Amino acid sequence: MAQTAAEKILSRKAGEAVRAGDIVVVDVDGAMGTDATAPFAIKAFEGMGGKSVWDPARLALVLDHAAPAPNERISGLHSLMREFAAAQGVKLYEVGEGICHQLMVENGHAGPGEVFVGADSHTPTIGALGAFAVGVGSTDLAAVMHTGKIWFKVPRSVRVELMGSFRPGTFPKDVILHLVGKLGIAGATYEAVEFGGPAVRKLSLAGRMVLANMVAEMGAKTALVDTRGLTLPEALSGREFHDHLPDAGATYRARVDLDISDLGAQVAVPDSPDAVKDVREVAGVPVQMAFIGSCTNSRLEDLQAAARVLRGKRVAPGVRLIVTTASKRIFNEGLADGTIQALSEAGASFITSGCGPCVGTHQGVPGDGENVISTTNRNFRGRMGNAKSNVYLGSPAVVAAAALTGVLTDPAPYFAAAVEGAGA
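Once you know that position 397 of the sequence shown is 1563 in the working numbering, the rest is easy, because the numbers rise by one and skip nothing.
Derived from the structure by calculation, the hints contain no laboratory data. These figures come from a predicted structure and were not determined experimentally. Just so you know, even glycine gets a beta-carbon here, dropped at the ideal spot from N, CA and C. Watch out, some of these pointers could steer you wrong.
With a straight-line cut-off of 27 Å between C-alpha atoms, the simulated DSSO-like cross-links for lysine-lysine are [stated by the list, open to error]:
no.: 1; residue 1: K1217; residue 2: K1257
no.: 2; residue 1: K1209; residue 2: K1257
no.: 3; residue 1: K1368; residue 2: K1348
no.: 4; residue 1: K1443; residue 2: K1257
no.: 5; residue 1: K1315; residue 2: K1257
no.: 6; residue 1: K1315; residue 2: K1348
no.: 7; residue 1: K1257; residue 2: K1368
no.: 8; residue 1: K1479; residue 2: K1494
no.: 9; residue 1: K1315; residue 2: K1443
no.: 10; residue 1: K1209; residue 2: K1315
no.: 11; residue 1: K1217; residue 2: K1348
no.: 12; residue 1: K1368; residue 2: K1217
Restraint-style ranges between C-beta atoms, simulated for each label pair [to be verified]:
no.: 13; residue 1: S1427; residue 2: L1246; range: 31 to 39 Å
no.: 14; residue 1: R1419; residue 2: S1241; range: 44 to 52 Å
no.: 15; residue 1: G1533; residue 2: E1400; range: 21 to 29 Å
no.: 16; residue 1: F1546; residue 2: S1245; range: 25 to 33 Å
no.: 17; residue 1: M1167; residue 2: T1355; range: 36 to 44 Å
no.: 18; residue 1: A1352; residue 2: E1182; range: 28 to 36 Å
no.: 19; residue 1: L1501; residue 2: K1348; range: 37 to 45 Å
no.: 20; residue 1: W1317; residue 2: G1395; range: 28 to 36 Å
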């Protein structure tokens, strides 16, 4: 039986051939919780009678959503996580180390063909490594912490084939925005979205993470990105992984073929990630706040794309540009190559590596009536902390161009040639 990537991974973990629709109980290879979910998981774990987590080496906790703590209540939740991690011997990523999904990838917590669960809806980001990575709730995480197991209904799959080359000023973020707009926010509900094709095999890990990240905005269970041509993180060197690529002839619920050569820069307009337009259709809309960050677009390639637009210039009067990096490691890399300096000299303000303004729980909340252009993944009303603001989504290049001009702007003129493999 020809299998999709999801069917192949779950068959190996279940110990028998399975297909879409089957129910399986599998051992997880890794798990993660954040300050938005782990405190509730810890309490549920204790309520289940849990004494020791099933395998401390396979669990990680991350302080990233509201870090540093903005108030006494959040500080208490952080303290709970620190105390639990110390007592259980679990890895805790402290304030400023980065965003959960980036840390899981760059530090080797998941690898190709493995099953990983995270108590965060954008855990499918880790599917850029070819892992079956799924977002779960706090109670499910608690059960995994207790048993090391989880059940799934094997998902149907949607196959996305990308071909062609990027136009100047167009990046993976534009591809995934276009796909979300095409399929809709419920267009892949409880399905695995497989990405393949010659254009995917040219992408960096950062670029593949952008694609995998936003399948959540289609309702997908997970993303599985073809790992051929991919250089794995150094933390995974020396480890052996199982076959996880789909078979020829596998059955898909739907197939989408996209020639990215035909695609220009995209923007999702308020108030939904699937309300997508070519940036030229909304050019001239004024912006007051520009944000480069989040688990979608805050890696070195993203910052470099923004710096290409802004180097030697200044952001427009009346616009504030806020930047967070996906990890402290990325911030330091940006310092070393001059990217951070270029953005700073252009007028950018930097926030501690973490989720930043994306979830609206601490710094960077926009004002009433303000228009925000953001590299984040969601723009539902109130997403960034103020229901009276308007959030547009775009690539780092789009955000940088808007910050420079003060209005939504096509970034293409700032790029002399297509950027193969960029994460923006």
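Results for each hint:
no. : hint                         : verdict
1   : K1217 with K1257             : holds (17 Å)
2   : K1209 with K1257             : holds (18 Å)
3   : K1368 with K1348             : holds (23 Å)
4   : K1443 with K1257             : violated (42 Å)
5   : K1315 with K1257             : holds (19 Å)
6   : K1315 with K1348             : violated (35 Å)
7   : K1257 with K1368             : violated (33 Å)
8   : K1479 with K1494             : holds (25 Å)
9   : K1315 with K1443             : violated (42 Å)
10  : K1209 with K1315             : holds (18 Å)
11  : K1217 with K1348             : violated (47 Å)
12  : K1368 with K1217             : violated (46 Å)
13  : S1427 with L1246: 31 to 39 Å : violated (51 Å)
14  : R1419 with S1241: 44 to 52 Å : holds (45 Å)
15  : G1533 with E1400: 21 to 29 Å : violated (42 Å)
16  : F1546 with S1245: 25 to 33 Å : holds (31 Å)
17  : M1167 with T1355: 36 to 44 Å : violated (24 Å)
18  : A1352 with E1182: 28 to 36 Å : holds (31 Å)
19  : L1501 with K1348: 37 to 45 Å : holds (38 Å)
20  : W1317 with G1395: 28 to 36 Å : holds (34 Å)
Hint compliance for this structure: hints 4, 6, 7, 9, 11, 12, 13, 15 and 17 are broken, all remaining hints hold.
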